[in-house]
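Residue numbers (UniProt numbering), protein chains in the order written: chain R, 1 to 208; chain C, 1 to 234.
Wrong hints could be hidden among the right ones.
Computed footprint of chain C on chain R; a stretch qualifies when at least three of its residues, placed anywhere within it, have a C-beta under 8 Å from a C-beta of chain C [said to hold, decoys possible]:
1. 75-85
2. 98-109
3. 115-125
4. 129-142
5. 174-188
It should be emphasised that the hints constitute simulated quantities derived from the structure, not laboratory data. Predicted, not measured: the structure shown is a model, and the values here were computed from it. The beta-carbon is built from N, C-alpha and C at its ideal position, and this holds for glycine as well.
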Amino acid sequence: MPWDRNQMAARAAQELEDGWYVNLGIGIPTLVANYVGDKDITLQSENGMLGMGPFPYEGEEDPDLINAGKQTITELARTSYFDSATSFGMIRGGKIAAAILGAMEVAENGDLANWMIPGKLIKGMGGAMDLVAGVGKVIVVMDHTNKHGDSKVLKACTLPLTGKGVVDRIITNLGVLDVVDGGLKIVETAEGVSAEDLRAATAATIVD
Amino acid sequence: MKKVYGSAAEALDGLLHDGMLIAAGGFGLCGIPELLIDAVVESGVKDLTVASNNCGVDGFGLGKLLDTKQIKKMMSSYVGENAEFMRQYLSGELELEFNPQGTLAERMRAGGSGIPGFYTKTGVGTVIAEGKEVKNWAGEDYILEEGIFADLSIVKAWKADDTGNLVFRKTARNFNPPAAMCGKVCVVEVEEIVPRGSLDPDHIHLPGIYVHRIIQGEHEKRIEQRTTRKREDA
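Let the hints inform the model, and build the full structure from the sequences given.
Written as C-alpha cells, this is what we have:
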C-alpha cells in the first residue's frame, strides 16, 4: 500500500534532527508538525515568526497572528517575532536547517518547480525561491504521480523552476529518493511497494 | 516638528501624485495600512506602482485600489487571493513584477539603507534571473537585485509615540519596517498613540527617524483564513 498523506508526513518528520529550525510549506508539509515527537524542533513562519504554535481554540483567533498560509495560529513560550527582511535574512543566511515543501515537478538533477503553470496558475512564488536557495536541506513531499497518473519525478522539469539543483530528498506516497550524481537513488519504499514498482512509476533516471 | 495628524487624508495631503511608487506594509491582510489605503482610494491618484507582498483581496486592502483601477503596476511575491487582480492582469490592464518574497523585503530594506543593489542566490536559474547580472563567489552564482526607493511608504504599527517610535504586534510586523524604511516620506497608522516616554526605548521596533507622519484610528483587521482547533474534553 502506498503511504497516505499522514504517513508521508510522518516519514518526512523522521528527517528532522533535534534542535533544528525548520520551515514547513503548505499542504502535506504542514502535517509534519504533528509527527516530530520528542524532538526539539522550532518551526519558522516566513512572515516573521520562530516558534509557531498550533491553531487557536475557537474564539481565540488573533488577526495579528497568522502563518505564511494566512491561517490563524498561536505562539509558544519560545516564540519570537521579527520583520520580513530579518526573516529572509535567516533563510538566505542558511540558519534554517531544512525546508519541507510540496512540488508540482522535481527533476533528477534536483530542479524544483512548484510555483507556476503558464497560462493557468499565476499566484506567485511567495517565499519558495528564497527558501530553496537558502536553507540547509530541501525535502520535497508530494504524490509520486499527478491526477492523470503521470510521474511528477522527471528527467527534466517542464514548468518554470523555483530553484535549480536545490532538492536533496524526495518523499512521495511510493517511497523515498535522494538526488545523487547521475540521477535519483532509492532510499526506501513504502510498505508493499517494490523497488520495481517505484522505478515503473518514475520518469527520472534511477541509479543504484 | 509635529508628526501627528488628525486623519489619513490630512496625513497624505501634498504627498500623492499620479505615477508615483508607493511601498506598502502588510502580509496578506495582516498588518496592512487599511486607513491610508482608503485615503489613497478617496484621493483618486492614479497610475500607481505599488510594492507590496500581496495585493489584498477583492474589495479589501489594496484590492480596493484595483477596483478603482488606480494601480498600474504591482511588485509582489504572491497575488493568488484576488479575482479582480487576475482579470486585470490577464487582460493586460495591470502590470506585475514578481519578486521572491525575501528579495522584495531585502530590496526595501536595502533602499532604505542607501544600498542600490545586492547579490542573492534566490532565483538563480529561474525566470527571475532573466536580464540580471550574475556574479560568481566561491563557485556559486548570485544575481544582482536593486534596492527599492519609493516616493511614499504607507505602513501600519500597533503603537507609536508622537516622535514616531514604533512598536508592532506579533506577525503584523512583517513587511512594515522594511516598507517604512524605503520611502522618501513614511506615513504610519497605529491603533494607539501613546505619550512620549511610555515606550521602553529598548523595545522600539522601528525608530522614529523613519517616520514622518502618524495617525491613530480604528482597524477592521479582517482575518483571511480562520483556522481553529477543538478543545479536548477535560
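Structure-based check of all given hints:
1. 75-85: That given contact holds, which follows from 6 residues of the stretch 75-85 of chain R lying within Cβ reach (below 8 Å) of chain C.
2. 98-109: Our answer is that it is violated, as 0 residues pass the Cβ test (under 8 Å) against chain C, missing three.
3. 115-125: This one holds; 4 residues, not fewer than the three required, reach chain C with a Cβ under 8 Å.
4. 129-142: holds (count 4)
5. 174-188: Contact hint for the stretch 174-188 of chain R vs chain C: violated, 0 residues under 8 Å.
Violated hints, in rising order: 2, 5; the structure is consistent with all others.
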